Amino acid sequence: MLDIRRLYMLKTVAARGSITAAAQSLALSAGAVSQQLSALRHDVGVDLLRPDGRSVALTEAGQVLLEHADRILAAVEEAESAIAVVKGTVGATTTLAALPSTVARIVAPALTALGSHHPQLTVTCLVTDQAQLRELTLGTVDVVLGQRYHHLPDATPRGIEVSPLLDDPLLVVTAADQADERPVDLRELATHPLAVPPPTTDCGQAILQACHQAGFAPTMRYITADIAAQLTLARAGLATALIPRTAIDPTTPGIRTAPIADHPIQRLLFAATRHTQTANPTTTAVIAALSTAARQDRTTPVPLA
1 MLDIRRLYML
11 KTVAARGSIT
21 AAAQSLALSA
31 GAVSQQLSAL
41 RHDVGVDLLR
51 PDGRSVALTE
61 AGQVLLEHAD
71 RILAAVEEAE
81 SAIAVVKGTV
91 GATTTLAALP
101 STVARIVAPA
111 LTALGSHHPQ
121 LTVTCLVTDQ
131 AQLRELTLGT
141 VDVVLGQRYH
151 HLPDATPRGI
161 EVSPLLDDPL
171 LVVTAADQAD
181 ERPVDLRELA
191 THPLAVPPPT
201 TDCGQAILQA
211 CHQAGFAPTM
221 RYITADIAAQ
231 LTLARAGLAT
241 ALIPRTAIDP
251 TTPGIRTAPI
261 ADHPIQRLLF
271 AATRHTQTAN
281 PTTTAVIAAL
291 STAARQDRTT
301 PVPLA
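The letter at position 53 of the sequence shown is residue 53 when you use the UniProt record's numbering, and the numbering goes up by one with no holes.
Everything labelled a hint here was simulated from the structure, so no lab data went into it. Be aware that one or more of the hints could be misleading.
[What the hints assert, rightly or not] Ranges between beta-carbon positions, derived for each pair:
{"hint": "1", "residue 1": "Thr201", "residue 2": "His275", "range": "26 to 32 angstroms"}
{"hint": "2", "residue 1": "Pro264", "residue 2": "Ile223", "range": "50 to 56 angstroms"}
{"hint": "3", "residue 1": "Asp47", "residue 2": "Ala228", "range": "58 to 64 angstroms"}
{"hint": "4", "residue 1": "Arg5", "residue 2": "Pro264", "range": "45 to 51 angstroms"}
{"hint": "5", "residue 1": "Ala74", "residue 2": "Gly45", "range": "22 to 28 angstroms"}
{"hint": "6", "residue 1": "Ala190", "residue 2": "Arg298", "range": "29 to 35 angstroms"}
{"hint": "7", "residue 1": "Ser29", "residue 2": "Ala108", "range": "31 to 37 angstroms"}
{"hint": "8", "residue 1": "Ala155", "residue 2": "Gly45", "range": "32 to 38 angstroms"}
{"hint": "9", "residue 1": "Gly115", "residue 2": "Ile83", "range": "21 to 27 angstroms"}
{"hint": "10", "residue 1": "Thr112", "residue 2": "Leu268", "range": "20 to 26 angstroms"}
{"hint": "11", "residue 1": "Gly45", "residue 2": "Ala228", "range": "38 to 44 angstroms"}
{"hint": "12", "residue 1": "Thr201", "residue 2": "Leu238", "range": "17 to 23 angstroms"}
{"hint": "13", "residue 1": "Glu188", "residue 2": "Ile72", "range": "54 to 60 angstroms"}
{"hint": "14", "residue 1": "Thr252", "residue 2": "Gln63", "range": "49 to 55 angstroms"}
Given the structure is predicted, the values throughout are model-derived calculations rather than measurements. Think of the CB as a built atom: it goes at the ideal place given N, C-alpha and C, for glycine as much as any other residue.
Using the sequences and the accompanying hints, generate a full structural model.
This is the structure:
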């Protein structure tokens, strides 16, 4: 009989591209992973992996087995969810992956509420903007608080269920003494030095596209994904920043924010889980807390001066 843990290791190696990378994500030694994959190869009687440069790739048999492994692992999770519903209680542990820009105004309030309503639940929070949905499909995390800019195609992987939380516009951020709170046409920023994320990021792409639609190429004087750095540059009067509303602490002194009037840039914040026919009470509780925090954030003002 095939070992479920070995099937999961095969899936992880296929996603990570190497045994070493898979071992790191599983908190195992590369030797331990190799040993288990060798045992799996012995179980099926055919090679499952082949060298591919510095990485490994699935053989035809490996690909066939992975397709079945996905269904087997999904069925196991379905069974776990069904049992959790019968028990009728929120579990003891779960893992949340969240964007850094959502921590202060959504994640922290949500975790505080969860601690109050479900004190037995321990939430491990992975704060990152890298490959969150891939980690969700691999089972490394249970809930993702992610984003999708409206101008980009939906790239949600198969088997992932998305719950919209909040439409989050980018605001124009300047030093408090350099502007008023009136809406700003994006083309007014054509002569401004900007502090923006790298163009390789979703936010950077969204800003570039909006500026081009407004008829100009932005002057990207400072390129950083660090929102605290962008706010510091704006507060010092060195640059104008375009920052998601939720990422701006309303108590931040010395800045002024204004909406974009003509070419608004907006991201959708969402909560994502692996799809199961029976909703798991633990992930349901996490999503409910995130949704409540997002609703409350809609009414939180941002600094006008």
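Range first: 22 to 28 angstroms. Now tell me if the beta carbons of Ala74 and Gly45 are that far apart. holds (25 angstroms)
Verify the CB-CB distance for Pro264 and Ile223 against the hinted window 50 to 56 angstroms. violated (22 angstroms)
At the C-beta level, are Asp47 and Ala228 separated by a distance inside 58 to 64 angstroms? violated (50 angstroms)
Verdict for Ala155, Gly45 (Cβ pair) under range 32 to 38 angstroms: holds (37 angstroms)
Is it true that Thr112 and Leu268 lie within 20 to 26 angstroms of each other by Cβ? holds (24 angstroms)
Mind checking the hinted window 29 to 35 angstroms against the Cβ distance between Ala190 and Arg298? holds (31 angstroms)
Quick check: does the Cβ-Cβ distance between Thr201 and His275 fall within 26 to 32 angstroms? Holds - the Cβ-Cβ distance for Thr201 and His275, about 27 angstroms, lies within 26 to 32 angstroms.
Given a hint of 31 to 37 angstroms, does the C-beta separation of Ser29 and Ala108 actually sit inside it? holds (36 angstroms)
Against the range 45 to 51 angstroms, how does the distance between the Cβ atoms of Arg5 and Pro264 compare: consistent or not? holds (48 angstroms)
Please test the hint of 17 to 23 angstroms on the beta carbon pair from Thr201 and Leu238. At roughly 21 angstroms between Cβ atoms, Leu238 and Thr201 fall inside 17 to 23 angstroms, so the hint holds.
Is 49 to 55 angstroms right for how far apart the beta carbons of Thr252 and Gln63 are? The hint (49 to 55 angstroms, Cβ to Cβ) holds, given that Thr252 and Gln63 are roughly 51 angstroms apart.
Taking the CB of Glu188 and the CB of Ile72, does the distance hold inside 54 to 60 angstroms? Holds, since Glu188 and Ile72 (Cβ atoms, about 57 angstroms apart) stay within the stated range.
In summary, the numbered hints that this structure violates are 2, 3 and 11.
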